Amino acid sequence: MNDVSTRETIARVYREESARALATLIRLLGDFDVAEEALQDAFTIAVTQWERDGVPSNPRAWLISTGRNRTVDRIRREDRLVRFANTMALPTEPVVMPEEPRDEDDSVDDDRLRLIFTCCHPALARESQVALTLRTICGLTTEEIARAFLVPVPTMAQRLVRATGKIRAARIPYRVPPAHELAERLDAVLAVVYLAFTEGYAATSGDALVRRDLSSEAIRLGRLLVALMPAATEANALLALMLLHDARRQTRASADGDIVLLEDQDRASWDRAQIDEGLLRVEAALQGGGAGAYAIQAAIAALHARARVASDTDWRQIEALYALLLQRAPSAVVELNHAVAVAMAEGPERGLLLADAIDARGELRGYHLLHAVRADLLRRLGRATEAAAAYETALELASLEPERRFLQRRLIELRRLDSSLTPAES
Amino acid sequence: MQYLLLIYNNEKNWMELPDADAGTLRDNYRSFTESIAKSGHYKGGNALQPTNTATTVRVRNGKRTATDGPFAETREQLGGYYLVDAKDLDEAIGLAARIPGALTGAIEVRPIMEMPAPVPA
Numbered sequence: 002m003n004d005v006s007t008r009e010t011i012a013r014v015y016r017e018e019s020a021r022a023l024a025t026l027i028r029l030l031g032d033f034d035v036a037e038e039a040l041q042d043a044f045t046i047a048v049t050q051w052e053r054d055g056v057p058s059n060p061r062a063w064l065i066s067t068g069r070n071r072t073v074d075r076i077r078r079e080d081r082l083v084r085f086a087n088t089m090a091l092p093t094e095p096v097v098m099p100e101e102p103r104d105e106d107d108s109v110d111d112d113r114l115r116l117i118f119t120c121c122h123p124a125l126a127r128e129s130q131v132a133l134t135l136r137t138i139c140g141l142t143t144e145e146i147a148r149a150f151l152v153p154v155p156t157m158a159q160r161l162v163r164a165t166g167k168i169r170a171a172r173i174p175y176r177v178p179p180a181h182e183l184a185e186r187l188d189a190v191l192a193v194v195y196l197a198f199t200e201g202y203a204a205t206s207g208d209a210l211v212r213r214d215l216s217s218e219a220i221r222l223g224r225l226l227v228a229l230m231p232a233a234t235e236a237n238a239l240l241a242l243m244l245l246h247d248a249r250r251q252t253r254a255s256a257d258g259d260i261v262l263l264e265d266q267d268r269a270s271w272d273r274a275q276i277d278e279g280l281l282r283v284e285a286a287l288q289g290g291g292a293g294a295y296a297i298q299a300a301i302a303a304l305h306a307r308a309r310v311a312s313d314t315d316w317r318q319i320e321a322l323y324a325l326l327l328q329r330a331p332s333a334v335v336e337l338n339h340a341v342a343v344a345m346a347e348g349p350e351r352g353l354l355l356a357d358a359i360d361a362r363g364e365l366r367g368y369h370l371l372h373a374v375r376a377d378l379l380r381r382l383g384r385a386t387e388a389a390a391a392y393e394t395a396l397e398l399a400s401l402e403p404e405r406r407f408l409q410r411r412l413i414e415l416r417r418l419d420s421s422l423t424p425a426e427s
Numbered sequence: 054m055q056y057l058l059l060i061y062n063n064e065k066n067w068m069e070l071p072d073a074d075a076g077t078l079r080d081n082y083r084s085f086t087e088s089i090a091k092s093g094h095y096k097g098g099n100a101l102q103p104t105n106t107a108t109t110v111r112v113r114n115g116k117r118t119a120t121d122g123p124f125a126e127t128r129e130q131l132g133g134y135y136l137v138d139a140k141d142l143d144e145a146i147g148l149a150a151r152i153p154g155a156l157t158g159a160i161e162v163r164p165i166m167e168m169p170a171p172v173p174a
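These protein sequence lines map, in sequence, to chains L and Y.
If you're matching positions, the first sequence starts at 2 in our numbering and goes up one per residue.
If you're matching positions, the second sequence starts at 54 in our numbering and goes up one per residue.
Hints were generated in silico from the structure; no laboratory data involved.
Quick caveat, the model's predicted, so the values are computed rather than measured.
For every residue, glycine included, the Cβ atom is placed at its ideal position computed from N, Cα and C.
Be a bit skeptical, because a hint or two may be false.
[To be verified] Within a straight-line C-alpha distance of at most 30 Å, the following computed DSS-like cross-link-like pairs (lysine-lysine) qualify:
#, chain 1, residue 1, chain 2, residue 2
1, L, K167, Y, K140
2, Y, K96, Y, K65
3, Y, K140, Y, K91
4, Y, K65, L, K167
5, Y, K140, Y, K96
[Said to hold, decoys possible] The calculated label-pair distances, taken between Cβ atoms and stated as ranges, are:
#, chain 1, residue 1, chain 2, residue 2, range
6, L, A170, Y, V110, 56 to 66 Å
7, Y, R83, L, I46, 38 to 48 Å
8, L, S217, Y, N99, 50 to 60 Å
9, L, E397, Y, N63, 52 to 62 Å
[To be verified] So these bits of chain L aren't anywhere near chain Y, every CB distance computed over 10 Å:
#, residue
10, R13
11, L114
12, H122
13, A124
14, P178
15, E182
16, W271
17, L280
18, L281
19, R309
20, E350
21, R362
22, R384
23, R416
Using the sequences provided together with the hints, build the complete structure.
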């Protein structure tokens with residue numbers, strides 16, 4: 002029946018166009034919640050009207066003008082128009098959107114870019130920025146975001162309500178920041194995108210499928226940013242970094258969900274097309290000079306991706322890049338990564354010296370990977386008893402099941418080895 | 054849209070400031086106030102007496118209590134405020150960042166609630 006195909010069309014339009022239509026409606030109506038309601042209204046009308054009159058030639062433009070006019074009508078009916086128009090500067094005449102898709106695409110892109118900057122405004126908490134971006138730019142549902150971040154749905158709903166409420170009440174502007182603020186504001190946007198990516202990529206607990214979607218959404222956002230802001234080198238570098246990490250996704254865990262270390266991954270199964278694109282983007286990002294933190298991390302990921310076998314990895318270069326990253330964006334976690342690279346390039350003793358120095362400062366003492374790194378270096382140096390103690394500490398602090406299984410395996414191997422060397426002790 | 058810019062600083066530091074520095078600070082405030090008056094952002098503002106002059110009033114179950122001191126004892130105290138007109142939060146944050154007190158303390162930016170104007174029939 003015709004009904005079926007119209008419904009399918011509506012479902013497809015909903016998937017493909019609702020995030021964009023929402024961005025424009027937010028600009029036109031000046032309010033997140035009013036815009037969401039307008040879009041829902043428009044889809045409700047579409048179900049009957051498209052079945053009767055056929056699908057309009059530009060469904061998105063139709064949804065925007067219907068949603069907008071419908072909202073204006075409803076407000077007028079509720080006799081609140083004057084008050085609403087006072088605060089929102091809303092015109093009182095219905096506006097007919099142009100049916101010409103080409104002209105409009107530019108402004109739709111502008112709307113989305115503006116909306117990203119609104120969602121990632123520094124006056125909102127970081128967790129709200131991420132949630133709001135996924136909700137309004139990527140069109141994820143509140144339930145999906147809640148599942149991805151392992152928080153109860155009401156908590157996530159509350160977080161979103163509070164964020165849109167603050168945007169409205171404090172009048173957080175809906176615009177791309179002026180040039181003198183752009184670099185700083187773009188940093189916040191990139192941080193949100195990268196956080197969404199790592200949340201989907203790093204964690205192996207929770208709903209695996211939703212989390213994988215989160216990484217894909219982050220890559221989509223990265224592509225959108227690069228398309229909208231071609232001059233932003235760091236956006237391109239971040240996209241490269243995500244592509245290069247994501248290319249290894251399939252090989253990072255075994256079929257039963259156990260961690261497979263980088264050196265043991267099946268490099269033939271890495272996504273070559275994605276790596277090639279990532280490598281091109283890294284080069285482009287590095288060419289501008291004055292590489293930022295994402296460009297340096299992407300360059301490190303590129304060196305791993307280039308090595309056809311693990312033993313080909315250029316650890317000296319990676320060590321130098323971590324040293325550079327440490328200058329640009331100093332943190333104890335980067336220092337730990339640098340220590341690992343030093344161990345690979347110059348031997349475990351040198352790496353252990355650096356890792357011990359971090360340990361002595363105490364700030365990463367609650368971080369399981371510090372102890373896992375020390376354990377691994379001690380193991381390689383044949384200091385089995387100290388290695389076992391460090392594995393035990395790491396195990397106490399690790400919370401993700403696959404990481405715990407990995408550490409447990411290492412500990413058992415070590416004890417087996419140790420007892421075979423000194424059977425009297427066991 | 055109007056915003057209240059609340060200036061929080063450690064008032065002890067202010068009281069212990071050498072005269073010359075206090076003079077400079079007063080000059081900085083004066084020129085800031087003049088500049089935002091000229092640009093049309095300024096709606097009002099005052100410096101406050103220190104918190105040892107503050108009284109906090111509560112009414113519970115119809116019973117009024119007044120206690121000595123500010124609402125919350127914190128390391129930094131509300132020392133003054135500006136009421137400004139700004140087109141959005143970004144502009145308000147821009148003004149807040151130019152307040153001399155932002156260099157040593159913190160400025161809280163609070164949008165003023167808009168009451169609907171009475172509508173002629």
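Structure versus earlier hints - violations, ascending order: When the structure is compared with the hints, numbers 4, 6, 7, 9, 12, 13, 14, 15 turn out to be violated.
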